[in-house]
Amino acid sequence: MTSTSSSGIGSTAGARTTSARPPQTVVARLEDIRKTYNMGALAVQVLHGISIDFYGGDYISIMGPSGCGKSTLMNILGCLDQPTSGKYFLGDEDTSQMPDDELSTIRGARLGFIFQSYNLIQQLNVLENIEMPLFYQGYSEAESQEIAMALAERVGLGDRVHHKPFELSGGQQQRVAIARALSVDPLIILADEPTGNLDSKSGAEILNLFDELHSQGKTLIMVTHSDELAERSDRQIRLLDGRVESDER
Amino acid sequence: MSDLTLGSASASPPTRSRPVSTFNLVRFKKITQVGLKSIYSHGLRSLLTMLGIVIGVAAVIAMLAVSEGASYEAQQQFRDLGASNILLKSVKPAEVEETSRSGFGPPQAIIYGLTFADIRTIQDSIPGVTNVIASRIVKKNVWNLGNSMNTDIVGTSVDYPTSRNYNLRAGRFFTESEVRDHANIVVLSDEVASVLFPIDNPIGKSVRIDGDYYNVVGIMESEGFSNLGQNQAGSSNAAPSRIFLPITSSRTRFGETTTRQTAGGQESETVELHEAIIQVADQETVIQVGEVIEQILQRRHDDVDYAVEIPLALLRQAEESALRDQIVAGAIAGISLLVGGIGIMNIMLASVTERTREIGIRRALGAKKRDIVMQFLIEAVILSGVGGLIGVVLGVSIPILISFFWGMTTIVTPLAPILAFSISAIIGVVFGIYPSMRAADMDPVEALRHE
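Chains Z and U supply the protein sequences, listed in that same order.
Using my numbering, the first residue of the first sequence is number 735, and each one after it goes up by one.
Using my numbering, the first residue of the second sequence is number 6, and each one after it goes up by one.
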């Protein structure tokens with residue numbers, strides 16, 4: 735399954751783009767995604783048929799009030815959860831019916847996660863945290879160390895690689911998380927309220943880093959409920975009650 | 006910065022994606038490092054967890070070593086007596102003792118024990134018996150000038166040393182003709198020799214018993230010396246200070262009645278023979294011959310003033326009880342290993358709960374279920390393995406200390422440490438599996454949400 739990754743991904747979707755940008759590649763496609771949770775006898779439908787195409791190199795923000803299904807959608811986009819029905823193509827692979835092991839591999843190889851609470855492993859130092867996704871992808875030690883070191887420098891923590899997370903500030907921890915998300919050079923970077931736990935200065939640093947990544951052609955999907963943050967992205971999707979309310983560029 | 010492969014300005018297909026090997030050495034090494042790190046960062050907890058296994062493994066090895074040593078010792082004693090021998094001993098009957106105590110007046114001679122007639126009957130009527138070595142044992146002072154020693158004086162026949170596997174250190178044992186002649190000669194055990202003749206060679210010299218002088222013709226290795234060292238105290242066979250002379254001489258010089266002072270006055274007893282070794286041609290028939298001898302003696306004696314010992318039967322019993330001991334020891338040690346295993350499981354479950362978030366993170370970053378299983382399983386195996394190693398070191402040293410301080414024979418067979426260590430490793434796997442599976446089966450979304 736990973737052998738196809740070096741070839742082109744998905745279909746070109748130039749016809750669907752309304753802007754004047756060059757034809758773009760669809761890196762992820764949601765087709766009528768529905769999600770129902772069974773709470774005992776009660777079935778709660780959280781997502782009511784969501785279809786979205788995500789284009790390579792886009793910087794997308796997903797917004798909506800709490801309870802609108804953002805987190806659920808994010809979990810599905812992150813292959814941490816499976817939709818009840820519908821299809822989710824990541825690259826050109828349908829992940830909605832994939833067995834657990836393949837989902838793990840997809841998560842490790844194609845996706846980069848940035849969480850609100852950083853989610854670094856406390857016992858590991860900066861370098862080891864950045865290396866972790868590479869380790870699960872079977873990189874050699876020398877290779878993963880080289881990549882991790884370069885990324886640590888890239889996010890400005892080259893002199894802190896042997897520090898443990900608790901020795902770093904929140905902004906620094908989030909930068910480690912970004913480096914970790916970049917380590918496998920993922921298809922999509924998923925960021926869930928990346929500045930939620932940060933002061934405005936550190937938050938701004940993170941957002942600048944995002945802009946930089948965007949300018950380098952990375953595909954970013956960010957969940958936020960701040961309009962200010964959303965304005966920096968070039969596509970804003972608003973959810974309401976499990977449906978797409980608006981999708982603007 | 007620019008040399009990084011962070012992609013160009015356009016949409017970039019992933020450049021760093023490769024076939025994922027399911028299991029390789031790097032992965033194993035990394036997971037092991039993770040496990041070691043976790044164990045190290047919870048030092049005290051890990052130590053306490055290991056303690057159960059340490060004690061279990063040490064107990065298995067030490068208990069097996071002690072029971073192995075004890076059974077070896079017991080079996081060796083019976084083997085020394087000869088597997089094709091039957092031992093007869095004179096025993097003072099309980100009733101006679103009662104009546105003699107209650108009586109006043111002149112001392113009564115108690116007559117009991119084996120007689121020459123018994124021996125002759127046994128020798129003549131049982132076909133399997135090849136030889137009978139009868140002995141009389143009296144306790145007397147033996148003198149050489151100013152040196153003296155109170156010791157057992159064994160009057161016996163020429164085959165005594167061979168029947169008991171005793172070796173002469175110097176000189177010779179007495180001969181048939183010397184027995185016939187009631188010769189005044191003795192053989193000393195080397196312990197007696199060293200007391201009576203601290204400096205010079207006793208052979209050719211003479212010792213005095215009562216009023217008579219006896220020529221020393223040989224020196225015998227003290228009993229038990231050739232086998233196990235001095236740790237035979239308490240066994241019936243160990244009377245290291247003895248001297249030997251022809252049974253005929255013993256009879257004529259010392260008579261059959263011995264008198265000794267007791268609290269209530271004087272007590273004398275008349276015993277013809279104190280013990281006899283009956284050699285049987287075929288080891289297979291020893292037990293049957295023993296039964297026949299018992300019947301003969303029953304017919305010839307009113308009281309049970311004799312005892313029949315069959316070393317082979319005792320050996321069999323010793324082997325059986327050794328096996329029983331080992332099963333019991335093994336079971337006790339097994340239980341402590343089990344308890345140790347449950348301890349590991351307990352800690353692993355706590356560790357899984359404590360690290361739910363970490364599990365979620367690892368799963369999100371590409372860890373498969375089996376990666377998580379491996380991580381926790383390796384941790385459990387390291388805990389039990391290191392505990393097992395410490396246990397082996399402890400278990401091997403404890404028997405050495407026991408031997409050193411209490412002089413007990415202990416034998417650590419190579420099998421015991423290997424067995425105990427393997428069991429501890431298996432316990433790590435068995436009791437590690439459930440917590441590991443629980444860790445792996447966690448829903449990544451739930452795990453990430455865990456505080």
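Where hints are given, some of them may not hold.
[To be verified] Result set (DSS-like, lysine-lysine): computed pairs, CA atoms no more than 30 Å apart in a straight line: (1) K898/Z x K34/U; (2) K374/U x K821/Z; (3) K144/U x K97/U; (4) K374/U x K898/Z; (5) K374/U x K97/U; (6) K898/Z x K210/U; (7) K145/U x K898/Z; (8) K144/U x K210/U; (9) K35/U x K97/U; (10) K42/U x K94/U; (11) K898/Z x K935/Z; (12) K374/U x K42/U; (13) K374/U x K35/U; (14) K144/U x K94/U; (15) K42/U x K145/U.
[Said to hold, decoys possible] Derived contacts from chain U toward chain Z, CB cut-off under 10 Å, selection only: (16) P132; (17) R304; (18) G365; (19) L370; (20) G412; (21) D448; (22) P449; (23) V450.
Simulated from the structure, these hints should not be mistaken for lab results.
Everything numeric in this text was worked out from a predicted model, so none of it was measured.
Cβ coordinates follow ideal geometry from the N, Cα and C atoms, glycine included.
Q: Report the numbers of all earlier hints that the structure fails to satisfy, in ascending order.
A: The structure conflicts with hints 5, 6, 7, 9, 10, 15, 16, 17 and 20, although it agrees with all the remaining ones.
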